[in-house]
Amino acid sequence: MFSTSSQRKFWTFSDENELARLREKHNYFFYARQNSHIDEQQRFTYFLSPDEERQLLKQYELHLKEFCKRFTPPMPKGVVGTAFHYFKRFYLYNSTMDYHPKEILATCVYLACKVEEFNVSIGQFVANIKGDREKASDIILNNELLLMQQLNYHLTIHNPFRPVEGFLIDIKTRCSLANPERLRSGIDEFLEKVFLTDACLLYAPSQIALAAVLHAASKEQENLDSYVTDILFRDAGRDKLAILIEAVRKIRSLVKMVEAPARERVRLIEKKLDKCRNQENNPDSEIYKRRMRELLDEDDVLHVGSSRMSLDTSGVTQVLSPSAS
Amino acid sequence: MMSRPSTSQSPPVVASINDVSALFQNAQKYEELSLIGTGAYGTVYKARDLHNGGQIVAMKKVKVALTEDGIPLSTVREIALLRQLEAYRHPNIVRLLDVCHGGQCLERDQQLVLFLVFEHVEQDLDSFLSRAPGPLPESRIRSMSHDIISGVDFLHSHRIVHRDLKPHNLLVTAAGRVKLADFGLAKTYDVEMKLTSVVVTLWYRPPEVLLGARYCSALDVWSAGCVLAQLHTRRPLLPGASDSDQLHRIFRLIGRPPRSEWPDNVSIELDSFPSYPPQDLARILPRIHPHALDLIKGMLVFDPSKRLTAMDCLEHPYFTEEPVA
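Top line first, the protein sequences correspond to chains A and B. Here the working numbering is used: position 93 in the first sequence is 94, and no number is missing along the way. Here the working numbering is used: position 3 in the second sequence is 56, and no number is missing along the way.
Pulled out of the complex, with its shape left as it was, chain B reads as follows (with noise of 0.2 angstroms):
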């Protein structure tokens, strides 16, 4: 059982100064109604919110250890953005609702538990493709591939790289629209986590994460295009079974990098693999409009230096020579 939140007061509160009762507030506000999943760092919940309506929601149990100095630096600043981003109301990041806070059990395990409480989507991208009946029509993709990079460079304006863009982690309402989830301190791993516990899709994973090289927020340009591609075939682009293997398949569709493009200190030599050709991207997308096939031509490019940023994709011609639904 989900320990009992005790809500953060929204200011302004609206009560009649004889209405002590908003004094308690404290009391339990969200029910919990089942496990949606868990992951390295916590463990989400589908839950209805009594105070509004009985709307349900997500939240997000984090679990932050405790240092001699309190709640770590990083935590805090985390949280800070976690809740400016939401006075954005940016339409494709997901709705951030609430912050609380678990119950007094800080004191015991030098732990604090929170939750963050999001807007509750049904749908992600996987299973939106996987229930598709047939190839998505062009309009479609062209606006959800603009959500997606909406969203990528709304996080990027703010210096967020969210490291791990997934069809698991879009969410796509209703209407349509697609929203980026899990990122910052709502993140269920990291790329940096070498956990054997939690299956890492290393689909999207651009190869300066493979080859342990520094990155960027080029990482979530990467991880953004073999989404978008995926949107055409509503298959994935580079599905590797292994770190290596994805490194194979990587080189084999955008060709073996030059030796001036390979990072310095990475411990995986570059004539460890075969000297592969560049593959025809059109080969692979059939049917896909020239201008939809540039633009991931310009994500999927080895350099992270070299590949487009998000606010190039959004000028791509592919979105401005034609209206975006």
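So here's chain A without its partners, still in its complex pose (with noise of 0.2 angstroms):
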């Protein structure tokens, strides 16, 4: 029940201005580690600013959700809304500086497979990811650890898919609308965008579920306010349903909203970012594999079976990046 769900307890914000501020909180605090001679003034002509890794996040979004659309064998739509909420809570308390976006959004998708129990393979998740799938598994499995952690452990996910199916049971039964299952298009279609807003982090499934029936049925030129008001929340009272139809209309703004970044600006701080990037948590960097080097060398000779750590990193740059063209 979401009621009583961490998600609602630790990871439902109060508004939009709650998550910018963890996310440029998290911004700043990679600066400040950096003990770099930058000064604060001058900071944002090396390091992201908080609006950049907004959009580069922005565009890793719509990379997650066209590499789980076309992920083979064909990916259950909870286990794609999953892998976003990973990545969304993720970076409200990392920065994109500390974690490559295009790491950490190949080890949420994994990650959400196995609580989803979509049960794949790493080698059959990785033959799904363009490049050199060796380093992407070891990428991935490398980094597994590190997001349960970063979740704080809290990987069960309310998603609204569920309750969608409720509201469309209680409509065919409680509800004259003729053909409900005609609906289902426009809902889908709702969803995805609302995935690549802040609503889950701000509004329970259910809300976001009712968002997008309603959606859907005025696209369909129906009207189902007074299945709202008369039927769903005949007994609830005047506030509660005041709060629901103001969720309901942030929800269908937030996905009015969405756009695509300015591609020649994503490019842009793509490239800031391979410099300014943490290069202790970038794979292709010296000083990534000397760590690594040294916590083999540490280690003894006996070490056999699949080395998590295979460091056969040849040079090739940008091997998470999904199939995004």
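Derived by calculation from the structure, the hints in this document are not laboratory data. Fair warning: there could be bad hints in the mix.
[Unchecked claim] Here are the simulated DSBU-like cross-link-like pairs (lysine-lysine), alpha carbons at most 35 angstroms apart as the crow flies:
1) B/Lys-99 to A/Lys-103
2) A/Lys-131 to A/Lys-272
3) A/Lys-290 to B/Lys-116
4) A/Lys-78 to A/Lys-194
5) B/Lys-114 to A/Lys-10
6) A/Lys-273 to A/Lys-59
7) B/Lys-116 to A/Lys-10
8) A/Lys-66 to A/Lys-10
9) A/Lys-220 to A/Lys-10
10) A/Lys-194 to A/Lys-273
11) A/Lys-173 to A/Lys-220
12) A/Lys-173 to A/Lys-251
13) B/Lys-116 to A/Lys-78
14) A/Lys-241 to A/Lys-272
15) A/Lys-241 to A/Lys-131
16) A/Lys-10 to A/Lys-290
17) A/Lys-103 to A/Lys-241
18) A/Lys-251 to A/Lys-78
19) A/Lys-10 to B/Lys-99
20) A/Lys-66 to A/Lys-131
21) A/Lys-103 to B/Lys-116
22) A/Lys-59 to A/Lys-10
23) A/Lys-78 to A/Lys-66
24) A/Lys-290 to B/Lys-114
Every value quoted in this text rests on a predicted model; they were computed, and no experiment measured them.
Make one complex out of these two single chains by using the hints.
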């Protein structure tokens, strides 16, 4: 149940300002930790600004959506929704300069597969990734625990898909709307977009689901207002109804404002990121390779089996950039 | 010495933007005080939470073998479930306060070390009963019985079978409430584990487990029934010395079951037991409240499908006819 879940308790925030504050804080923390000689006033000439991080993450959310869409075997919606939640949660408490989104993206999807019991082996999984697959699987497996930890081990996600089914059943039984199944395509389209917004960090899955249903109905030139006010919320009281109406309105306006970030701008942000990112977490960097070699040397020669640390990172960049063309 | 568990960052972090130190929380968070016990799955320490006013906690160290797909799916799902259950704060389930992982040793030996941090409860039911100066008052027995079954019902409603209920892992708080511990990933051993190094008590095992037949949540109801009887006498009801002795004791008490109830595909023949007639449980539990007697009889039924469920138990007149303290 969502009402008693970790999602509501720890990962549903009061408003967009709270999200912005968290993101700004961790953007600043990254800069502060670098002990860089760059003056605070000048810091965005070298480091990413909070807004640049937002644009970059928006781009990677599009990558995430495309990656899941093209995944073989076909991925259930729940896995996609859960992966989006993980990705968004991770970057509330981490900067993209610390952990590159292309690496976290794949790890989020991989962990979501496990939690949602979509059984794919790491081999099957990285077959969906372009580039050096061995390296990709090393990166994913190395980041898995980090991701779980950053999510504070709150891995159960309440997605809007089940409430949608509930609403459709309820509409079929208690509402006179003809052929409610025709709402489906509108609902799916809405929910796909909703994950490109912060709605899932701000609203209950049932509110998001209802926004999707109402949106789909209005696309079909139908009006479900009286279903909401006279049937669904008949006994709930006016104040509760007012809260719901406001939530639905906000969610729909968030979805309306979704737009892809400007290509050229993202390209420049990525170039900037290559320079300012934390090299200790960059699998292609010398410092990372050296640290891993030290880790392995420290360890024994007896170490057999599939080494998670095989560092044959022969120069291929962009391994994890999913097939977003 | 326990390796320093790097703590999961617990969102939302209350820190100002200048409080960079919040970022370096990865320092030691728990101080080990003493060893509580060792089980097949791991070790339990008493420790001090250095960040929360020095409160005493119980840390369970769980070792998980990594697979080539990384952290096993079952482990990921169990962590998700334990974290999710915790959000309910059920009064009869031990609090899971935190999850940490034990440093970076995972790459070396393909093993993940997790620390599950639980509230520390001084006393378990086993020591509580042995210290009781005389028979427990009826009201106390009733409320403890209710606590135990409420905890079992909560687990079952989340599709968790405890599988090892016994006085040792039922904790008794200072206020006299009973809390279930040691389930899921936190279990110290499992019914399937035929480990000679660990002395597993058989006294609370239902016949289907002893026979190696299929089992389900009814398993816990049997175990709880044995514990409830023990609350009345302060002695174990069925203290068997071996698997076979345990079965003989069970059948001497409840009678040898009819052939029609004997499970298929078990290697032990019904005829290897004498046709014990059922005993009158009232003779073993003298002065017991008639409702309590009836409840326990309903829990100690051979055929798991005819046994009361935890929910049935909660609706039994023993709890409904008089208020439970």
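Hints the structure violates: just list their numbers, smallest first. 1, 14, 15, 16, 17
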